[in-house]
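Visitor: Now for the letters of each chain:
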Amino acid sequence: AAGVIQSPRHLIKEKRETATLKCYPIPRHDTVYWYQQGPGQDPQFLISFYEKMQSDKGSIPDRFSAQQFSDYHSELNMSSLELGDSALYFCASSPHQGGNTDTQYFGPGTRLTVL
Amino acid sequence: AQSVTQLGSHVSVSEGALVLLRCNYSSSVPPYLFWYVQYPNQGLQLLLKYTTGATLVKGINGFEAEFKKSETSFHLTKPSAHMSDAAEYFCAVSEGSNTGKLIFGQGTTLQVKP
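Line by line, the protein sequences are chains A and B.
For the first sequence, my numbering assigns the number 1082 to the initial residue and increments by one for each residue that follows.
For the second sequence, my numbering assigns the number 6 to the initial residue and increments by one for each residue that follows.
Since the hints were made in silico from the structure, they are not lab data.
Among the hints, erroneous ones may be present.
Heads up, simulated DSBU-like pairs for lysine-lysine below, C-alpha to C-alpha not over 30 Å straight-line [claimed, not checked]:
#	chain 1	residue 1	chain 2	residue 2
1	A	Lys1096	A	Lys1138
2	B	Lys118	A	Lys1138
3	B	Lys118	B	Lys63
4	A	Lys1133	B	Lys54
5	B	Lys73	A	Lys1103
6	A	Lys1103	A	Lys1138
7	A	Lys1103	A	Lys1133
8	A	Lys1133	A	Lys1094
9	B	Lys73	B	Lys63
10	B	Lys54	B	Lys73
11	B	Lys74	B	Lys54
12	A	Lys1138	B	Lys54
As the structure is a prediction and not an experimental result, all values here were calculated from the model.
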């Protein structure tokens, strides 16, 4: 079965650089979630999209922005990178916005290292 | 606001022994609860979830969890641990809005000794 695809899997950037993370949801899933997992931490919700519209927002820095495109893939753009942005970034998708009960299927994550 | 507490950041069991990972939640509305497993350098995989109905939920790999409203708990159990169960386990609650974002606990690392 198709899974959530994230690219790149690993990314190394310098401070103050920008990064773009991509997420391709499972086919026919129209809802995408982004989470950030710092070293030894639990995943923290960043932002979500449903049918290309932002549906919810968590503790996402103003330096970060995201969008969902017409083919439902999503991109997380991160600017002015800081050392503290080093983390594993997960994307998850679900079939439709029923919200609370829909299973979120997670991708393998993008490991971002900021030097 | 909803929150999740996992008691014990590390749990060690012998192969074949009972696995018990504890999760307590706080919620002002009926919660939807999930257990996810994370193997090293991999994404999160759903083990099981509780939404409504039967309070004992069975998941993959022989795991099950019981929703106890009176105790605000959703502990994860497996009768007999296998070496392949060694991983990080996260309990999560779906936030009260309609968007389904997950609030995770701090995670429990399960070690299985031969």
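Visitor: Each hint: holds or not?
Guide: Okay, the hints, checked on the actual structure:
no.: 1; hint: Lys1096(A) / Lys1138(A); in the structure: 25 Å, holds
no.: 2; hint: Lys118(B) / Lys1138(A); in the structure: 41 Å, violated
no.: 3; hint: Lys118(B) / Lys63(B); in the structure: 24 Å, holds
no.: 4; hint: Lys1133(A) / Lys54(B); in the structure: 27 Å, holds
no.: 5; hint: Lys73(B) / Lys1103(A); in the structure: 39 Å, violated
no.: 6; hint: Lys1103(A) / Lys1138(A); in the structure: 18 Å, holds
no.: 7; hint: Lys1103(A) / Lys1133(A); in the structure: 15 Å, holds
no.: 8; hint: Lys1133(A) / Lys1094(A); in the structure: 28 Å, holds
no.: 9; hint: Lys73(B) / Lys63(B); in the structure: 15 Å, holds
no.: 10; hint: Lys54(B) / Lys73(B); in the structure: 14 Å, holds
no.: 11; hint: Lys74(B) / Lys54(B); in the structure: 15 Å, holds
no.: 12; hint: Lys1138(A) / Lys54(B); in the structure: 23 Å, holds
Going through the hint list in order, the structure does not satisfy hints 2 and 5.
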